[in-house]
Amino acid sequence: MKFLDATIIQSTNDMSHKDWLMARKNYIGGSESSAIIGINPFRSSIDVYMDKITDEIIENKSYRMELGNKLEDFVAREFMEKTGKKVRNVNAILGNEKYPYMSANIDRAIVGEKSILECKVTNSFAIKEWEDDKVPPYYEIQVQHYMAITGAEKAYIAALIGNSDFAIKEIVRDDELIEMIVKANNYFWTENVQKKILPSPDGTSMYDEVLKEKYKYSKENQIILQSSNDERIQNILDIKEQIDVLETEKKKLEQEVKSELGENESGICNKFQVNWKGYVTNRIDTTNLKKEMPEVYKKYCKESYSRKFTIKAI
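Numbering follows the UniProt record's numbering, in which position 258 of the sequence shown is assigned residue number 258; successive positions increment by one, without gaps.
Simulated from the structure, these hints should not be mistaken for lab results.
Heads up, the beta-carbon is just placed ideally off N, CA and C, and yes, glycines get one too.
One or more hints might be untrue.
[As the list claims (entries may be wrong)] Below are the DSS-like pairs computed for lysine-lysine, each with C-alpha atoms no more than 27 Å apart in a straight line:
(1) Lys277 / Lys290
(2) Lys134 / Lys70
(3) Lys86 / Lys70
(4) Lys154 / Lys2
(5) Lys2 / Lys18
(6) Lys195 / Lys25
(7) Lys169 / Lys196
(8) Lys85 / Lys70
(9) Lys195 / Lys169
(10) Lys277 / Lys299
(11) Lys85 / Lys2
(12) Lys169 / Lys85
(13) Lys219 / Lys302
(14) Lys216 / Lys195
(15) Lys196 / Lys214
(16) Lys312 / Lys240
(17) Lys291 / Lys302
(18) Lys298 / Lys308
(19) Lys25 / Lys214
(20) Lys70 / Lys169
(21) Lys212 / Lys86
(22) Lys85 / Lys134
(23) Lys195 / Lys98
(24) Lys195 / Lys128
(25) Lys86 / Lys154
(26) Lys312 / Lys219
(27) Lys216 / Lys114
(28) Lys312 / Lys298
(29) Lys86 / Lys114
(30) Lys134 / Lys169
(31) Lys308 / Lys290
(32) Lys252 / Lys212
(33) Lys82 / Lys134
(34) Lys169 / Lys183
[What the hints assert, rightly or not] The calculated label-pair distances, taken between Cβ atoms and stated as ranges, are:
(35) Thr248 / Ser304: 40 to 48 Å
(36) Thr54 / Asp244: 32 to 40 Å
(37) Glu303 / Ser227: 34 to 42 Å
(38) Leu225 / Asn91: 48 to 56 Å
(39) Lys134 / Lys258: 35 to 43 Å
(40) Glu179 / Lys134: 20 to 28 Å
Based on the provided sequences and hints, a complete structural model is requested.
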């Protein structure tokens, strides 16, 4: 069976959410393309990579995502009411033999058009991303990915923004952008996923965790690093110096505000409210515990191992 130019890989009518997540491990989905390219604020390439190379279901489900799923029907109905167009469900994972590593799960198909609909629910803080002709770039990548799979000529994005605004954007197929998406996905799948080679570092905390686990224990060896690391390490030191300067300036400004607050817990000005509240914490005095009850300390003391990254000029 087919939908436009796409082949139906698997029906999702009777598929459990767990089975759907497992099926997605075999392909790169539309929302994952923007993560691989590096413009998704919610996911990174290492996040997608770890999901693809393991049988473990890694689900970064947030309340925002749950709300989006629950309100999808409402957004689709609003789109029909505001545009006069009719939409229908396509309950399937879609693929295309031209793009063997990619799949699509579209929200709706537009009846009588070679077009698709993507439904979004976002908060009011994101309203500037939708002003005028703007569309969040990660959503545009997603629908271009879907148009690559389906052969659709156009995509509509309907977005409920903060329960007070409703935006409808029309995205025309962009073959040059699709070519870039396909190229990035193919490289990611063949060079990273299939070869189990980590994607390039991306600065995320998850990448830190992956490196910590992959290279958990150190060996007492010293190696010769590539000469390009001289510039990289100097940049690290320069950035650290800038951070230290900014951190000092930040503390100075905080101290000025705190000086004015004095003993008061809260203060307001034209644009902001600040709080400097007191709170009590209870901590175990490990120094005295070790001294007075060494056996108890030893019993509950947990040894941990970590690696510390340092830089020294030579």
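Okay, the hints, checked on the actual structure:
About 33 Å separates the Cα atoms of Lys277 and Lys290, which puts this hinted pair outside 27 Å; it is violated. For the suggested pair Lys134 and Lys70, the alpha carbons sit about 25 Å apart, so the restraint of at most 27 Å is met. At most 27 Å may separate the alpha-carbon atoms for a hinted pair to count; Lys86 and Lys70 meet this at roughly 20 Å. Of the supplied pair hints, the one linking Lys154 and Lys2 holds, its CA atoms being roughly 18 Å apart against a limit of 27 Å.
Of the supplied pair hints, the one linking Lys2 and Lys18 holds, its CA atoms being roughly 24 Å apart against a limit of 27 Å. Restraint check: the Cα-Cα separation between Lys195 and Lys25 comes to about 15 Å, which is no more than 27 Å; the hinted pair holds. Taking the CA atoms of Lys169 and Lys196, the gap is near 38 Å; set against the 27 Å cutoff, the hint is violated. At most 27 Å may separate the alpha-carbon atoms for a hinted pair to count; Lys85 and Lys70 meet this at roughly 22 Å.
For the given pair, Lys195 sits about 39 Å from Lys169 by alpha-carbon distance, which is inconsistent with the 27 Å threshold. Of the pairs offered as hints, the one joining Lys277 and Lys299 is violated, with about 37 Å between alpha carbons and a cut-off of 27 Å exceeded. Straight-line distance between C-alpha atoms of Lys85 and Lys2 comes to about 22 Å, which keeps the hinted pair within the 27 Å bound. A distance of roughly 14 Å separates the Cα atoms of Lys169 and Lys85; the hinted pair therefore holds under the 27 Å criterion.
A distance of roughly 23 Å separates the Cα atoms of Lys219 and Lys302; the hinted pair therefore holds under the 27 Å criterion. As the CA atoms of Lys216 and Lys195 are separated by approximately 21 Å, the hinted pair is consistent with the 27 Å bound. As the CA atoms of Lys196 and Lys214 are separated by approximately 12 Å, the hinted pair is consistent with the 27 Å bound. Annotation: proposed proximity of Lys312 to Lys240 holds, straight-line Cα distance about 14 Å (limit 27 Å).
Between Lys291 and Lys302, the direct Cα distance comes to roughly 17 Å. Compliance with the 27 Å bound is thereby established for this hinted pair. Simply put, Lys298 and Lys308 have alpha-carbon atoms about 25 Å apart, close enough for the 27 Å limit, and the pair holds. For the hint pairing Lys25 with Lys214, the CA-to-CA distance comes to about 21 Å; that is within 27 Å, so the pair holds. About 21 Å separates the Cα atoms of Lys70 and Lys169, which keeps this hinted pair within 27 Å; it holds.
Restraint check: the Cα-Cα separation between Lys212 and Lys86 comes to about 51 Å, which exceeds 27 Å; the hinted pair is violated. Between Lys85 and Lys134 the alpha-carbon distance is near 22 Å, which keeps this suggested pair within the 27 Å criterion. The straight-line distance between the Cα atoms of Lys195 and Lys98 is roughly 21 Å, inside the 27 Å bound, and the hint therefore holds. Between the alpha carbons of Lys195 and Lys128 the distance comes to roughly 40 Å, so the proposed pair goes past 27 Å and is violated.
A distance of roughly 15 Å separates the Cα atoms of Lys86 and Lys154; the hinted pair therefore holds under the 27 Å criterion. Pair hint Lys312 plus Lys219 holds up; C-alpha atoms about 19 Å apart against a cutoff of 27 Å. For a cut-off of 27 Å, the pair hint linking Lys216 to Lys114 is broken: about 51 Å separates their Cα positions. Between Lys312 and Lys298, the direct Cα distance comes to roughly 35 Å. Violation of the 27 Å bound is thereby established for this hinted pair.
Taken as a hint, the Lys86 and Lys114 pair is honoured in the structure, with Cα atoms around 12 Å apart against an allowance of 27 Å. Between Lys134 and Lys169 the alpha-carbon distance is near 8 Å, which keeps this suggested pair within the 27 Å criterion. Of the pairs offered as hints, the one joining Lys308 and Lys290 holds, with about 26 Å between alpha carbons and a cut-off of 27 Å not exceeded. Under the criterion of a C-alpha separation no larger than 27 Å, the hint pairing Lys252 with Lys212 is inconsistent with the structure, at around 35 Å.
Distance hint between Lys82 and Lys134 is fulfilled; the C-alpha atoms sit about 19 Å from each other, no more than 27 Å. Taking the CA atoms of Lys169 and Lys183, the gap is about 26 Å. The hint holds against a cut of 27 Å. Take Thr248 and Ser304: their Cβ atoms lie about 31 Å apart, and the range 40 to 48 Å is violated. For the hinted restraint 32 to 40 Å between Thr54 and Asp244, the CB-CB distance of approximately 39 Å keeps it satisfied.
A hinted range of 34 to 42 Å for the beta carbons of Glu303 and Ser227 is consistent with their spacing of about 38 Å. Between Leu225 and Asn91, the C-beta spacing of about 52 Å keeps the proposed range 48 to 56 Å intact. Here the CB-CB span from Lys134 to Lys258 is close to 39 Å, well matched to the stated 35 to 43 Å. The hinted window of 20 to 28 Å between Glu179 and Lys134 holds, with their beta carbons roughly 23 Å apart.
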